[in-house]
Amino acid sequence: MALDAADLGPATSLTCRECGESYELGPRYACEQCFGPLEIAYDFTGVTRASIEAGPRNIWRYRGLLPVPSNVQDTPNTEPGFTRLVRADHLAESLGMQRLWVKDDSGNPTHSFKDRVVAVALAAARELGFKVLACPSTGNLANAVAAAAARAGIRSAVFVPSDLEAQKIITTAVYGGTFVTVRGNYDDVNRLASEIAGEQEDWAFVNVNVRPYYAEGSKTLGYEIAEQLGWRLPDQIVVPVASGSQLTKIDKAFQELIRLGLVEDRPYKVFGAQATGCSPVAAAFKNGHDVVRPVKPDTIAKSLAIGNPADGPYVLDVVRRTGGAVEDVTDAEVVEGIRLLAGTEGIFAETAGGVTVGCLRKLVASGALDPEAETVIINSGDGLKTLDAVAPVARPSAEIAPTLEDFRASGLA
Amino acid sequence: MSTVSVRIPTILRTYTGGESEVKAEGATLREVITDLDANYSGIAARILDDSGKIRRFVNVYVGEEDVRFADGLDTPTPAGTQISIIPAVAGG
Ligand SMILES: Cc1ncc(COP(=O)(O)O)c(C=O)c1O
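Residue numbers (this note's numbering), protein chains in the order written: chain A, 1 to 413; chain B, 1001 to 1092.
All clues given are correct.
In silico lysine-lysine, DSS-like type, Cα no more than 30 angstroms apart, as pairs:
1. A/K362 x A/K252
2. B/K1053 x A/K286
3. B/K1053 x B/K1023
4. A/K286 x A/K296
5. A/K362 x A/K296
6. B/K1053 x A/K296
So the derived list for chain B, only partly shown, Cβ under 7 angstroms to chain A, looks like this:
7. P1009
8. T1010
9. I1011
10. V1058
11. I1086
12. V1089
13. A1090
14. G1091
15. G1092
Bear in mind the hints are in silico, worked out from the structure with no lab data behind them. Just so you know, even glycine gets a beta-carbon here, dropped at the ideal spot from N, CA and C.
Taking the hints into account, I'd like the entire structure generated from these sequences.
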């Protein structure tokens, strides 16, 4: 693959997160020595609050901190990001908290945070000479890849478990790319995608062979939270965990902002949230293990149903370093979490958001999370994609004839 | 001795002269890796760490099953089994 004059902005090389081995920028993703994940190394120059604030109201305002070409704004992409940071006083009150915000990423083009990672992966993949945008997915990534490829005018190839939510199947298929359902769980789909990536050299599997670039997209969540709080880090943040990539990259963003002097250097705590039916990272945290033992997922929170989380060990590192924790909640608590957020703040989250709110509640109750400290939680996806989860409990108050008598008789006045 | 087929990830193909799939012998995964190393010297040290365990960012599948759900390096590898060696990947 030709990539001689690749312009990947401030990115300078790839470094193994495990053993420190360094590689040239290119379509690599795992260390040849130890299979460790490769991370982007940078030379940041000229990034200031003012230069960021002068940028567009999407993730490209942070392009000076991302592995993307300097002219990234000139090529079609989905331009996600700069989603709202909502002050959540009613939710806070119902949990006995003081200062709570929801970073509502359901406002992205395909209604999840995955548009961020895909936008960065697409920009890098084009620059690296890939022809097809591909992924294995638990659902949201499929939506984001299919949409971004459509907008970029390239082919997409998306692989998902065949038992995915109907809404996620439809909202992926509508974009018209190659779309394959696989009889297996996400970890099976992942293995298949890795094998296909080894055969199809010009396919960019965003989270497999373009992983180092993809993963950096989640940093923008951290940058936005800090900027929207007035260039300040929150005291505490609660993040849903599937592979753990989002959580570790939010921490990376906070660390970079501190290092660049863009925010004050003060401690913050990072908390992870999982569904009990797929909670290998929470189990490792609670048992004091460094190794994350894979599980076979069984939960309604399908977007988080990754039984073998690649970044699990790094999630443990981040939460332990910052004094946070990883919590998990049952499917019933997930549904309760969705209803609580909807009923207190008018935000309809998908199951991943229900997991996050449920874990927030549990962490406050157990005292792990300080109810007086400034807290941000991530709502990473839209409830319209997981309607079945709440359909049995979200019902009309009554059905009546169109008469005043019937309304009066219903007792709802 | 049972003969099995091993799929080689891109980053290990320098050891197999570019081959993406090779044959190996062995009744367990451990024996298969030892046999692989006899033919493609150095490959075992990429898959296993210094203490002889599977590296934490490598996933090895015997058939469709992640060996961490089976018996790890002692997982049986009957004749004709398909083995895959795959680096861990990010979320989806
Ligand atoms: C809505 C939603 N939230 C959170 C996640 C977790 O992301 P990660 O794999 O980076 O931990 C996913 C992953 O698929 C998701 O779809």
